[in-house]
Amino acid sequence: MIGKEKLLKKLDSVLAHSTADQTEIVYIGDEFGLTRFANSFIHQNVYENNCRILFRTVLGKRVGVASTNSLIDADLRQTLDNSIEIARSRAENPKFPGLPKAGKYKQLATFDKATARCTPMLRAKTVQKVIAEATKQGFTMAGAYSTSSGEIAIVNSRGVRAYQPVTAASINMVTMSETSSGYASAVSRRISDIDFKALAKIAVDKCKLSRNPQALEPGEYEVILEPAAVAEVIEWLNYTGFGSKSFQQGTSFLASRIGRKITSEKITIYDNALDSKAIAFPFDFEGVPKKKVMLIDKGVAKSVVYDSIAAIKGKTKSTGHALPATESAEGALGLNIVVAPGKTPRAKMISGVKRGILVTRFHYINGLIDTRNSVLTGMTRDGTFLIENGEIKYGIKNLRFTDSMMRAFKSTVAISKESQLIAAWWSSVGCVSVPTIHLGSFKFSGKTDF
Amino acid sequence: MKDKLKECIEWLRGKGVTYADCRYIRKENEAIRVSDSVVDSLSRNIDVGVGMRVLADGCWGFAATAILTPAELMKTANQALQVAKASAVTKHDPVVLAEQEPFVDFYQSPCVRDPFAVPTEEKIGLLIKVTDVLKKAKKIKSAEAAMNFFKTSKLFLSTEGADIEQEIIESGAGYHAVAFDGKEAQTRSYPNSHGGDCATRGWEFVEEMQLLNHAERVREEAVALLQAAPCPDEVTTIIICGPQMALQVHESCGHPIELDRVLGTEISLAGGSFLSLDKLGKLKYGSDIVNINADATIPGGLGSFGYDDEGVKAQRTPIVERGLFVGYLTGRDTAPVIKQRSNGTMRADGWNRIPIIRMTNVNLEPGEWTLGNLIADTERGIFMDLNKSWSIDDKRLNFQFGVECAWEIKNGKLGQMYKNAVYTGITPEFWNSCDAICNRDHWQVWGVANCGKGEPMQTMHVAHGAAPTRFRNVKVGVSK
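Protein chains in written order, with the numbering used here: chain A, 1350 to 1799; chain B, 24 to 503.
Hints are computed from structural coordinates only; laboratory data are not their basis.
Think of the CB as a built atom: it goes at the ideal place given N, C-alpha and C, for glycine as much as any other residue.
Please note that the accuracy of each hint is not assured.
Covered by chain B, according to a simulated footprint, are these stretches of chain A (three or more residues, beta-carbon under 8 Å) [as the list claims (entries may be wrong)]: (1) 1468 to 1477; (2) 1682 to 1691.
Chain A regions said to be covered by chain B (calculated; three or more residues, Cβ under 8 Å) [said to hold, decoys possible]: (3) 1353 to 1367; (4) 1555 to 1564; (5) 1704 to 1716; (6) 1744 to 1757.
Could you put the whole structure together from the sequences, leaning on the hints where they help?
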């Protein structure tokens, strides 16, 4: 950690050397440790101290981007010069709106000292306890436990001076028996929020309950999708549908459907980076304040998220969802997607199912088959169960689903009032917050041998 | 840098570690993307750092830093040692490394023209011309063309005396057009979907693609797909194009032969493998004409190198011989389990990641057919062209692929176009239904630059040699 004053001073000093019309510097620094375990022992254990410094310079309507991971003054100035040289070498982008002006950021508590101080030995001892829960039952445990601390700072020549320190702790675990497996996970800004023993019990219990799974023929079933399964669906819908690029290209399932009812009115989905209970973050990678954006409101398609460039094309304003400049060609993306909770207690969800399937988690979902119709395919894993007359009967062998999520969400029966945070690859600045969902109809198209 | 790292190696040796290695990597990247004839993004990125791996108390530790001062490097060496000691809290059996002679060598990938020396204007000009052609149809909603270049310098030192330097240049390019009629959207790409093709070669690789020559066809096929019939639901014969075969090999052969997956150490994220140890040398993976190898020595292959990130020399390994499963991809800490030496597949996607088992160039060897003869020999079926979607279970058995475009095959000729085509199967059943593979004239090594594995995630550049291939009794069309 460099600290707010020292870091902004350093970035300002480099900014002062720029000869471009406009200049932006983004600093993303991270100390990251991850302890990975499988077959009930730690087999990979890593520590990393790294940063990225991204320069975006503007000459008229010409934009250049260059990045380095060296904080040495000479390297920073060289990278700044490189970005100016790149801007000079390219044609004007008439759609470029200029760099954003300064905005007001919500004060958010995103840093936890205890999490930042977590050592490899502390992680190892936690993992040891998690493994012990599986060992007691004669099972093995696999997973990964990571902790990180970092800081993100953005300065630009139009007055943006944003800084936010962050921490994150994340664990996933898979309990394994000869014939079954069970999964649990958690993510938070604070280690103290995570009940490791309770999580291990969930994974162990699922493994135990799904032993000797029976085969079930594919077909149309009622399903209970637990939060990890919902999160994987939502991450794909986000990638293919809630961003500005897919919307403006016409490949999003929301394109040409704004204002139309596309799912059950029980479904409300929005992006909100400002909720301190989740992995909150106050600004995007252009330094624009994050706004809450309604994507689907009671089943009606509402909007998508924008960065400053896509906003010009969309004749709207940035919603604060820009990615780092090196990834800007992907368009804006929601990093804090929330599926609004419902009113049904999670404990009562299963009792409403006559004959259906409980899905703990999906594997390898792909949503590129038919993005306009939000068609996804993927496999179940780590705890798939048959439910009959409101009770879990037994574990079943994994199934492949292939279905339009707009179609499936039209059949929503109930949504749990409890939600869970699920980690994503961008967990330093966001995560997915999702409840358990009961769908009346979900199409399974294939099966496998385990 | 070498002297500083040698001091770290000596310090670690003095601490009594079983083994240690240091990797210095400097990676330079240029990425250009043109959207609808406007430069959408153009960036140059430099990433430099050192990763140190330590085997102590029978366990691995790893630490990496971007700060390259002598003090920080020594601190990182100590951090790696402390991480290894923490790993020992849950130790079962100590890590055993396969024997390996320490090489002192220099490797350079083949490159006729350094892509970083090609003027940016020349690259942008070509991409703009491509999107100009792609946009010449009202229903083309967007057209994107991109190039990506990497120049990677590596230094590897170990306590065993290895001292290896490598210089690898990679070049890639591709484009796609999205057609939209207000109701649906269809995409067509060249030379492959998801970013095109790439290789450990120079600018000449991009020139050989003849990007501009295919833009008109891509545009017209994207528009035609809007009106195409949906792929029927049936069990039929399919012929899969070379690039899609590359991904088929990748998902259903390349991943399940990774020995770390087989041993369960990737289970929580990527999953395991149906190719358990008892199947080695016994399982009939495919039909008699199926021969698959892993070959890191193919000049220009995206999965080619001189040495892996454990200092093991690049090599060619048989995986499937006449349909029989005969080999895994291994590293020094997994090969002893099957009483072998490493076959050199341990790679990291940067200085800040540990090496893990990765595909090299995993190739389906060519057969004897010409594509024309193969289609003519097929009375009824579907030709599947370029990947659109991919999914496979966590043991790599049940797979489903979608393709950008398909054509009916009727009485030995290509017929009407199909959209939203998918096919699905179970890996060994599918490969045992393979009855024809096109010859070397149709065989090409296709780069796959987005292979994800590991925690933290590592994105690896790998490749697959493949030619159009025919399979019988395949289930197609389950996308509705």
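Here is how each hint holds up against the structure:
1. 1468 to 1477: As far as the segment 1468 to 1477 of chain A goes, the hint holds, because 8 residues have Cβ atoms under 8 Å from chain B.
2. 1682 to 1691: violated (count 0)
3. 1353 to 1367: violated (count 0)
4. 1555 to 1564: Violated, because only 0 residues of the segment 1555 to 1564 of chain A bring their Cβ atoms closer than 8 Å to Cβ atoms of chain B.
5. 1704 to 1716: Per the Cβ count (5), the hint holds.
6. 1744 to 1757: holds (count 3)
Taken one by one, the earlier hints fail for this structure at numbers 2, 3, 4, listed in ascending order.
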